[in-house]
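Colleague: Residue-level listing of the chains:
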Amino acid sequence: MSFRWDVIWRELPQFGLGLANSAWLSAVAMALSLLLGPWLALPLVSRRPVVRRASRAIVDVARCVPFLLLAYFVYFALPALGVRLDKWTASLVTLTVYNTAYIAEIVRGAWAQLPAGQTEAARAVGFTGFRLLRRIVLPQIALAAGPVFGNQLIQLIKDSAFLSIITVPELTYAANAVQSFYFVPFESFTVATLLYWALCGGVEQVVRWNEGRAQRIRYGA
Amino acid sequence: MAPDAGAVPAVQLRGLGKRFGASDALADVSLTVMPGETVCIVGPSGSGKSTLLRCINWLERPDAGEVIVHGARVGYHRSVGGAGLVMTERELARIRARIGMVFQHFNLWPHLTVRGNVIEAPVHVLRVPVREAVAEAEALLAKVGLVDKLDAYPAALSGGQMQRVAIARALAMHPQVLLFDEPTSALDPELVGEVLDVMKELSREGLTMIVVTHEMKFARDVASRIVFLDHGRIVEVGPAQAFFESPTTERARQFLDRYR
Numbered sequence: 001m002s003f004r005w006d007v008i009w010r011e012l013p014q015f016g017l018g019l020a021n022s023a024w025l026s027a028v029a030m031a032l033s034l035l036l037g038p039w040l041a042l043p044l045v046s047r048r049p050v051v052r053r054a055s056r057a058i059v060d061v062a063r064c065v066p067f068l069l070l071a072y073f074v075y076f077a078l079p080a081l082g083v084r085l086d087k088w089t090a091s092l093v094t095l096t097v098y099n100t101a102y103i104a105e106i107v108r109g110a111w112a113q114l115p116a117g118q119t120e121a122a123r124a125v126g127f128t129g130f131r132l133l134r135r136i137v138l139p140q141i142a143l144a145a146g147p148v149f150g151n152q153l154i155q156l157i158k159d160s161a162f163l164s165i166i167t168v169p170e171l172t173y174a175a176n177a178v179q180s181f182y183f184v185p186f187e188s189f190t191v192a193t194l195l196y197w198a199l200c201g202g203v204e205q206v207v208r209w210n211e212g213r214a215q216r217i218r219y220g221a
Numbered sequence: 222m223a224p225d226a227g228a229v230p231a232v233q234l235r236g237l238g239k240r241f242g243a244s245d246a247l248a249d250v251s252l253t254v255m256p257g258e259t260v261c262i263v264g265p266s267g268s269g270k271s272t273l274l275r276c277i278n279w280l281e282r283p284d285a286g287e288v289i290v291h292g293a294r295v296g297y298h299r300s301v302g303g304a305g306l307v308m309t310e311r312e313l314a315r316i317r318a319r320i321g322m323v324f325q326h327f328n329l330w331p332h333l334t335v336r337g338n339v340i341e342a343p344v345h346v347l348r349v350p351v352r353e354a355v356a357e358a359e360a361l362l363a364k365v366g367l368v369d370k371l372d373a374y375p376a377a378l379s380g381g382q383m384q385r386v387a388i389a390r391a392l393a394m395h396p397q398v399l400l401f402d403e404p405t406s407a408l409d410p411e412l413v414g415e416v417l418d419v420m421k422e423l424s425r426e427g428l429t430m431i432v433v434t435h436e437m438k439f440a441r442d443v444a445s446r447i448v449f450l451d452h453g454r455i456v457e458v459g460p461a462q463a464f465f466e467s468p469t470t471e472r473a474r475q476f477l478d479r480y481r
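If you're matching them up, the sequences are chains P and H in order.
Per our numbering: the first sequence = residues 1 to 221.
Per our numbering: the second sequence = residues 222 to 481.
Keep in mind the hints are simulated off the structure, nothing from the lab.
For every residue, glycine included, the Cβ atom is placed at its ideal position computed from N, Cα and C.
There could be a bad hint or two in this list.
[Stated by the list, open to error] Footprint (simulated), chain H over chain P, 3 or more residues, beta carbon under 8 Å:
| id | stretch |
| --- | --- |
| 1 | 114 to 122 |
| 2 | 127 to 138 |
[As the list claims (entries may be wrong)] Label pairs and their calculated CB-CB ranges:
| id | chain 1 | residue 1 | chain 2 | residue 2 | range |
| --- | --- | --- | --- | --- | --- |
| 3 | H | R315 | P | P115 | 22 to 28 Å |
| 4 | P | A116 | H | L371 | 26 to 32 Å |
| 5 | H | A243 | P | W197 | 57 to 63 Å |
| 6 | H | D418 | P | Y219 | 27 to 33 Å |
| 7 | H | Q462 | P | P147 | 31 to 37 Å |
| 8 | P | Y219 | H | D249 | 46 to 52 Å |
| 9 | H | G238 | P | R53 | 26 to 32 Å |
| 10 | P | G212 | H | R240 | 32 to 38 Å |
| 11 | P | L78 | H | G242 | 24 to 30 Å |
| 12 | P | G212 | H | R472 | 53 to 59 Å |
| 13 | H | R472 | P | Y219 | 41 to 47 Å |
Hey, can you work out the whole structure from these sequences and the hints?
Modeller: What follows is the structure, encoded as structure tokens:
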């Protein structure tokens, strides 16, 4: 049995492009989710039961659809309703919607874990609503829940592999294209796996750096 | 009656009530605190002291009665006759910004430095320019003896230091009245004094203070009046000296006996 790593070497640009596409799609979707998620977390903790229940329903519906199905839906089914998105837009929309639901839930959960006195001290000096979330709650969540956000980003990167089925040339798509053209499945999928590991390793590194900083603040510099 | 600035009470409670489930946490509590007064609220644990304090800034929503701070009703919009419309969180926030509160467990924000804790609300609630807020924060922290801790995070401080930061944080909002909720109860005994000293100084300067406390010596030395609360009701109100030397009710006498 002889492996043909030379083919992989020749097709490296295609892998590189795939990796870049996976990375930027995930990064942009994560950035959008981090902006949108907290807004969705606010109604989740509303004093009004109607608001709370309605937002809970929306979040659960988005979280409980398989990602692949959601991608199918956005790309193939929405045109039936007159909403026609190109594959890049459809990818970003799918990733962002799916991920935002999770981020909102993470923010809500982490907020619930904060000592009640934190929010109370903020309300006592006149903080309320989104300003309270942004100034007092989110910075603490960023310190406390860094690993959870890191996990979610890794999940997102892996989910983005499904976008190959709507022909977005991300990493899994590139690997599949190379292996089927040269029939080198072992080499191709091995390289793709290593590249996913590298990407997730990078995320872990950022999480670790954030944890170090969090420890210093939590336990006194 | 003509409004007379000197005669407007700092805090007025009228028939305040609060229920938790089937039990009355507060029942028919009426109290008037004048500007410059230091009123200490004492009583057995579970008597409703903290609830009373938390109803003043509506962190706890009272079920009955009125709270009036410097002539303005808290929690309801004035309306003729009826109870009035309940304020939104945003409207309550505007009122809370003028009522300071110091908590038993300090509740400093751990992600901000000492300086950051003190300027946070002035800058982001009152929109005071950062430079101005920092200058005032440093002056306040010097006053509570912590000017060397400006860049420390709360986790690096002792309990007494944290509580002094919390007091500076409350003062930075220029509150019309400052509420203290058992400010020394979570402290090691040797750290109690440094916090009480700061509070004494504030009282001397004429800040209006309502203090829930178990520190009877502090109450006796500093309070203009004592409110004795038991089972959610005000049992006795009077000048500090009179209360401690000759309480008029049997329950107050029994309560004070435990501190002798």
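Colleague: Against this structure, judge whether each hint is valid.
Modeller: Taking the hints in turn, this is what the structure says about them:
{"no.": "1", "hint": "114 to 122", "verdict": "holds (count 6)"}
{"no.": "2", "hint": "127 to 138", "verdict": "holds (count 6)"}
{"no.": "3", "hint": "H:R315 to P:P115: 22 to 28 Å", "verdict": "holds, 25 Å"}
{"no.": "4", "hint": "P:A116 to H:L371: 26 to 32 Å", "verdict": "holds, 28 Å"}
{"no.": "5", "hint": "H:A243 to P:W197: 57 to 63 Å", "verdict": "holds, 59 Å"}
{"no.": "6", "hint": "H:D418 to P:Y219: 27 to 33 Å", "verdict": "holds, 28 Å"}
{"no.": "7", "hint": "H:Q462 to P:P147: 31 to 37 Å", "verdict": "violated, 58 Å"}
{"no.": "8", "hint": "P:Y219 to H:D249: 46 to 52 Å", "verdict": "holds, 47 Å"}
{"no.": "9", "hint": "H:G238 to P:R53: 26 to 32 Å", "verdict": "holds, 30 Å"}
{"no.": "10", "hint": "P:G212 to H:R240: 32 to 38 Å", "verdict": "violated, 48 Å"}
{"no.": "11", "hint": "P:L78 to H:G242: 24 to 30 Å", "verdict": "violated, 50 Å"}
{"no.": "12", "hint": "P:G212 to H:R472: 53 to 59 Å", "verdict": "holds, 56 Å"}
{"no.": "13", "hint": "H:R472 to P:Y219: 41 to 47 Å", "verdict": "holds, 46 Å"}
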